Each structure stands twice: as C-alpha cells, then as structure tokens.
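Asks: Generate coordinates for the entire structure from the input sequences, incorporating the hints supplied.
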Amino acid sequence: MNKFPLNKIRDDFPILSSKINNHHLVYFDNAATTQKPKCVIDSISNYYKNYNANIHRGIHTLAERATEEFEQTRSLIKNFVGASSTKEIIFTRGTTEGLNLISSSLAKFHLKEGDEIIISEMEHHSNIVPWQMIANSNKLNLKVIKVSEEGEININHFKSLITHKTKLVSLVYISNTLGTINPVQNIIKICSQNNIMTVIDGAQSSAHKKINVKSLNCDFYVFSAHKMYGPTGVGVVYGKEEILEKMPPYMGGGEMIKDVSFTKTSYNDLPYKFEAGTPNIGDVIGFKEAIKYIEDIGLENIESHEISLKKYAEKALNKIDGIKIVGTAKNKIGIFSFITKNIHYYDLGLLLDAKGIALRTGHHCTQPLMDKFNLDGTARLSLAIYNSTDEIDYFVDSLIKLMNR
Amino acid sequence: MSTNPIQNEIIDNFKVLEEDFEMTLNYLMEIGEKMDDYDEELKSDDNLVKGCQSKVWLSHKLKDDKIFFSGDSNTSITKGLLSLLIKVFSGQKPEDILNTKLYFINKTGLCRFIGTQRSNGLEAMENKFKIIALSNK
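Chains as they are written, first to last, in our numbering: chain A, 1 to 405; chain B, 1 to 137.
By construction, these hints were calculated from the structure, which means they are not laboratory data. Small disclaimer: the values here were computed from a predicted structure and weren't measured. One thing to keep in mind: the hints can contain errors.
Stated by the list, open to error - Simulated crosslink set (DSSO-like; lysine-lysine; CA at most 27 angstroms straight-line):
#: 1; chain 1: A; residue 1: Lys332; chain 2: A; residue 2: Lys319
#: 2; chain 1: A; residue 1: Lys189; chain 2: A; residue 2: Lys332
#: 3; chain 1: A; residue 1: Lys8; chain 2: A; residue 2: Lys209
#: 4; chain 1: B; residue 1: Lys43; chain 2: B; residue 2: Lys55
#: 5; chain 1: B; residue 1: Lys50; chain 2: A; residue 2: Lys372
#: 6; chain 1: A; residue 1: Lys372; chain 2: B; residue 2: Lys43
#: 7; chain 1: A; residue 1: Lys401; chain 2: B; residue 2: Lys55
#: 8; chain 1: B; residue 1: Lys34; chain 2: A; residue 2: Lys401
#: 9; chain 1: A; residue 1: Lys372; chain 2: B; residue 2: Lys55
#: 10; chain 1: A; residue 1: Lys8; chain 2: A; residue 2: Lys311
#: 11; chain 1: A; residue 1: Lys78; chain 2: A; residue 2: Lys38
#: 12; chain 1: A; residue 1: Lys112; chain 2: A; residue 2: Lys167
#: 13; chain 1: B; residue 1: Lys50; chain 2: A; residue 2: Lys341
#: 14; chain 1: B; residue 1: Lys43; chain 2: A; residue 2: Lys341
#: 15; chain 1: B; residue 1: Lys107; chain 2: A; residue 2: Lys19
#: 16; chain 1: A; residue 1: Lys341; chain 2: B; residue 2: Lys55
#: 17; chain 1: B; residue 1: Lys15; chain 2: A; residue 2: Lys19
#: 18; chain 1: A; residue 1: Lys214; chain 2: A; residue 2: Lys246
#: 19; chain 1: B; residue 1: Lys130; chain 2: B; residue 2: Lys61
#: 20; chain 1: B; residue 1: Lys34; chain 2: A; residue 2: Lys341
#: 21; chain 1: B; residue 1: Lys55; chain 2: A; residue 2: Lys324
#: 22; chain 1: A; residue 1: Lys332; chain 2: A; residue 2: Lys159
#: 23; chain 1: A; residue 1: Lys189; chain 2: A; residue 2: Lys167
#: 24; chain 1: A; residue 1: Lys210; chain 2: A; residue 2: Lys310
#: 25; chain 1: A; residue 1: Lys139; chain 2: A; residue 2: Lys246
Claimed, not checked - Estimated spans, in silico, between C-beta atoms of each pair:
#: 26; chain 1: B; residue 1: Asn99; chain 2: A; residue 2: Lys19; range: 37 to 45 angstroms
#: 27; chain 1: B; residue 1: Leu62; chain 2: A; residue 2: Lys330; range: 57 to 65 angstroms
#: 28; chain 1: A; residue 1: Gln132; chain 2: B; residue 2: Asp39; range: 37 to 45 angstroms
#: 29; chain 1: A; residue 1: Asp321; chain 2: B; residue 2: Lys15; range: 35 to 43 angstroms
#: 30; chain 1: B; residue 1: Asn99; chain 2: A; residue 2: Gly252; range: 48 to 56 angstroms
#: 31; chain 1: A; residue 1: Thr265; chain 2: B; residue 2: Glu19; range: 58 to 66 angstroms
#: 32; chain 1: A; residue 1: Asn21; chain 2: B; residue 2: Leu48; range: 29 to 37 angstroms
#: 33; chain 1: B; residue 1: Lys15; chain 2: A; residue 2: Thr232; range: 37 to 45 angstroms
#: 34; chain 1: A; residue 1: Leu142; chain 2: B; residue 2: Asp96; range: 49 to 57 angstroms
#: 35; chain 1: B; residue 1: Asn136; chain 2: A; residue 2: Gly277; range: 49 to 57 angstroms
#: 36; chain 1: A; residue 1: Thr232; chain 2: B; residue 2: Leu48; range: 32 to 40 angstroms
#: 37; chain 1: B; residue 1: Met23; chain 2: A; residue 2: Asn374; range: 32 to 40 angstroms
Glycine included, C-beta positions come from ideal geometry on N, C-alpha and C.
Replies: See below:
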C-alpha cells in the first residue's frame, strides 16, 4: 500500500480539497457517483472550446476531429473490457438505459409468452423494473434468486429455478447496497450450458475490478461512466456481435439508419444501429480520459488499495458497539450498509454532512432487498481510489461521538 | 389570526444559532424531543405523510373552529421540523392555515440545510396541514 500514489491521486481530484460545512470534504458516496479527476474535466472543456461539432456525417475539420476523438473512446473501451470488436460497444446514457435497451430489444425477438427470466433479490431497481415491464407486455415469468442473510446468492436456489423455459438471467456483478461480489463466472457457465442468455449489470464493478467479457463469456455487460471517474450521462452496453446483429433497434431516428423512405427504412450497421440521435459527444470524449486515468494507475493497483481500505474500514466498524452491517459476504468490496441502534439513518446522514462527510442514506434503489432484511433504509459508506485510512478514522470517530452523545 | 407573529418568533429563536449547520441540527433534535408523546394508535397509514425519507404522522382535533395538531416522526431532525410546523399551524382557524405562507424556513437559514430532496418532505408536510385545513373549512 505504501507504493500506491494516494497523495498524487487526491491532488488529481479538485473537489477533494473543498470544504463542506467548514470541514474538509470526506467523500464516501462513491457507489452513487465518483468524483472526477482534472483530466476528465479539462478534456470536456477542451472539446467545447476547441473542436465542438456533430460527429459522423460532417466533412469539415472540426467534425472529423470530434468523430475521431469520440471513436477513440469506443476503441479504448473495447480493450478495457476485452471485447472482440468496436461493433460490440454501444454508447448509452448509463446503465439504466443500457438495461432498458437490452430488455426492450430482446422483447421483440428473443422472449416469447411463457418464457422465464431470472434476476436476484439484490438487484437495483434498474435491473428489476425493465424486466417487469416486458414480463407484463410479453407474458413472461420473472423469477428471483434468493439471497442469504449475509447477502450472498444462493447458487442451489438459482439452479433450482432453471427450467427449459428459462431464456435469460440478468444479474448484478457487485451489489450497490451490500457490496457483495457475485460469482458471475460460475453463473454464466451454468447459463451457457443451458443455453440461457446472460446480462451482467456492471455499474458497481467497472471501476473496482478488472473485467474481461470474453473470458467471462457473458452475452451482455452494462456499465456507467460516472461511477468510474467519468462524466454523467454516458454508459456502455457490451453485447456479443452475433446477438446484437439479430436484435432490432431500440430507438429510431438519425444515425441508426442506412436509407429512409416513407415505405421502408434500412438500419445502419453495428454499433450505430443502437445509437439513434446525436450522442453525448463531449462526455464520451471525457470518458476516454477516465479510462486512461484508471489504466495509468492500473486496476490491479486500485483493487489492492481498495481491498486494504475495505479491511481497515471493516475492522473499525466491527469494533463499534451498536451498529449492524447489512451485507457481510465473504467476497465483497468496500461498500458498507449499516444501521445504528440509536440514530436513524436520515439523521445520521445529516449529522455527518455537518462534519463534512458525504454518505448515502435510504433504500439505495433496492427496495425489495430492504424488505427482505425488514429495513426501510440504511446509511451506506462506499469507498473509492482516493479514499484514505485517515478519512475512515475521522468517520469512525465522528460516528462514535454522535452515537454516544 | 395570522401565523406571522409565530413565524417571527421562530426566526428570532434561530438567530442565536448563526446559521451553523451542526448547531441547527442539534437545536431541531432538541425541540423534537420536547414534543408531547404521540399515541401509537394514531400511527396509521391515513395519518402518514408521504414523500419523506423519514416517516411522519400527523393528526388533528377540532375545538371552537380551530384545528389542533399532534404528530410524530421516526427521525429526530424531521421531528424537530414537524414541531415547528405544529407550532405555526396548531390552534389556528382553517382559513388562517390556508392563507399562511411559510417564510420562516428561508429566514432562519433552514432552507440551506434542507436541500431539494429533503425539502420535498417538508413540502409534503406543509401540504398535509393544508389538506386537513381544507377538509375542515
């Protein structure tokens, strides 16, 4: 951990030197969104200052430059996730749109009445509601894998849910509420043996764990830029080319067409078939810098720094009397949902905010999971690349003082 | 009777806090704790105010054309806010409740601490008071 350039990294994030309510900002709401390094902020500003233009169809210099920078992000992401081709990388507004794109499109050609979809109890609302919507419209059955008290997927229960009608499994890689790292490799293997399509919600994993979609062998992998030090409003759907080729478009409009007449329209090639309208050009370009930033430090280094932090936080939290951590899976990242015996999470969120500490309170868009644990919400601390043990000490100290007053 | 004198009194009480976030939160929790006990049986869905991250219950009694409110919350800070609203609205005639413009939230600096999402809960609480007033007009 000594070699990890924490001070330099902290300097790269301008917001970290700001003061909140007269205290140094301690940002522990990284599972909601991460902060942005200067290189990302500068590249977006640079695009608007120096080469703003609409992409792909313009022939002038600015359009060429913008197109090139935009497409470079796609290539970089292709390598980042280990895809075979840039045709497999589709830009969206975020993970939510990605999941809606997949579910809406599959509803039109792959999923028929009586078919079954499996999700888990720990899914974010964005990996529940889109499937519920097509289950209603296409008369599909939505099945739910049980999660243990520790917050782990019950593999045997998952296996027992599979029938010859099971067509798709959509599962979160890392739970935004519990921090659990799910055994997706194992689940995908079982699925491919049974000819079941797999969708992996990578919103919480992409900034914390190295991923290779080819060795994982998932059919889809979906994630957001803003949870990995990039801008908001950009996400990615990775999909296997042979499946994407067969899928009908999600939205109609410009960019996604080859030829349009009032009687017939032919669609564009991949990936543009799924990118109707002018995309979020400036932010996609900014996203490139975020990927480069992560790769320069190295995901392995980031992972080991974050594992040390997680262990440190876990040890410190476990020592506090009167708090209960929700989500104690063996394999988890630095996300800690907790409740205290004497302070409601809402009060706690405000009281800690008064001390400059930003963390999340509420149901974290996982109401069914909260119901399972008989809770209506928790406070959630989530760690990232720039967090330090000093910050954890300050947080624990503040928490203990608040609980003992 | 106009609720303005009561609102002005609240604004005066807050002056000593000098818009310090931590002191304001502590003050809100203190005045919340001083509220009268709320009957557990009144914690029904009908009395629940929707739209808050925390739970708020509000009920009322009529006496001489005036409405008297009582309430509770499962969070201390919201309970403090609720107690301020009860102080403003309780014992007023329905017309006076409906005519009230809540300006003390801005003048005390509370608005700075109760951001958008949080103030939604406040708006829901204010609406509940006014709906009760409207239905007793």
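Asks: Now, for every hint given, state plainly whether the structure supports it.
Replies: Okay, the hints, checked on the actual structure:
no.	hint	verdict
1	A:Lys332 x A:Lys319	holds (19 angstroms)
2	A:Lys189 x A:Lys332	holds (21 angstroms)
3	A:Lys8 x A:Lys209	holds (21 angstroms)
4	B:Lys43 x B:Lys55	holds (10 angstroms)
5	B:Lys50 x A:Lys372	holds (22 angstroms)
6	A:Lys372 x B:Lys43	holds (23 angstroms)
7	A:Lys401 x B:Lys55	holds (25 angstroms)
8	B:Lys34 x A:Lys401	holds (22 angstroms)
9	A:Lys372 x B:Lys55	holds (19 angstroms)
10	A:Lys8 x A:Lys311	holds (22 angstroms)
11	A:Lys78 x A:Lys38	holds (24 angstroms)
12	A:Lys112 x A:Lys167	holds (9 angstroms)
13	B:Lys50 x A:Lys341	holds (25 angstroms)
14	B:Lys43 x A:Lys341	holds (21 angstroms)
15	B:Lys107 x A:Lys19	holds (24 angstroms)
16	A:Lys341 x B:Lys55	holds (17 angstroms)
17	B:Lys15 x A:Lys19	holds (24 angstroms)
18	A:Lys214 x A:Lys246	holds (19 angstroms)
19	B:Lys130 x B:Lys61	holds (14 angstroms)
20	B:Lys34 x A:Lys341	holds (21 angstroms)
21	B:Lys55 x A:Lys324	holds (21 angstroms)
22	A:Lys332 x A:Lys159	holds (22 angstroms)
23	A:Lys189 x A:Lys167	holds (14 angstroms)
24	A:Lys210 x A:Lys310	holds (17 angstroms)
25	A:Lys139 x A:Lys246	holds (22 angstroms)
26	B:Asn99 x A:Lys19: 37 to 45 angstroms	holds (41 angstroms)
27	B:Leu62 x A:Lys330: 57 to 65 angstroms	holds (59 angstroms)
28	A:Gln132 x B:Asp39: 37 to 45 angstroms	holds (39 angstroms)
29	A:Asp321 x B:Lys15: 35 to 43 angstroms	holds (38 angstroms)
30	B:Asn99 x A:Gly252: 48 to 56 angstroms	holds (52 angstroms)
31	A:Thr265 x B:Glu19: 58 to 66 angstroms	holds (60 angstroms)
32	A:Asn21 x B:Leu48: 29 to 37 angstroms	holds (31 angstroms)
33	B:Lys15 x A:Thr232: 37 to 45 angstroms	holds (39 angstroms)
34	A:Leu142 x B:Asp96: 49 to 57 angstroms	holds (52 angstroms)
35	B:Asn136 x A:Gly277: 49 to 57 angstroms	holds (52 angstroms)
36	A:Thr232 x B:Leu48: 32 to 40 angstroms	holds (33 angstroms)
37	B:Met23 x A:Asn374: 32 to 40 angstroms	holds (35 angstroms)
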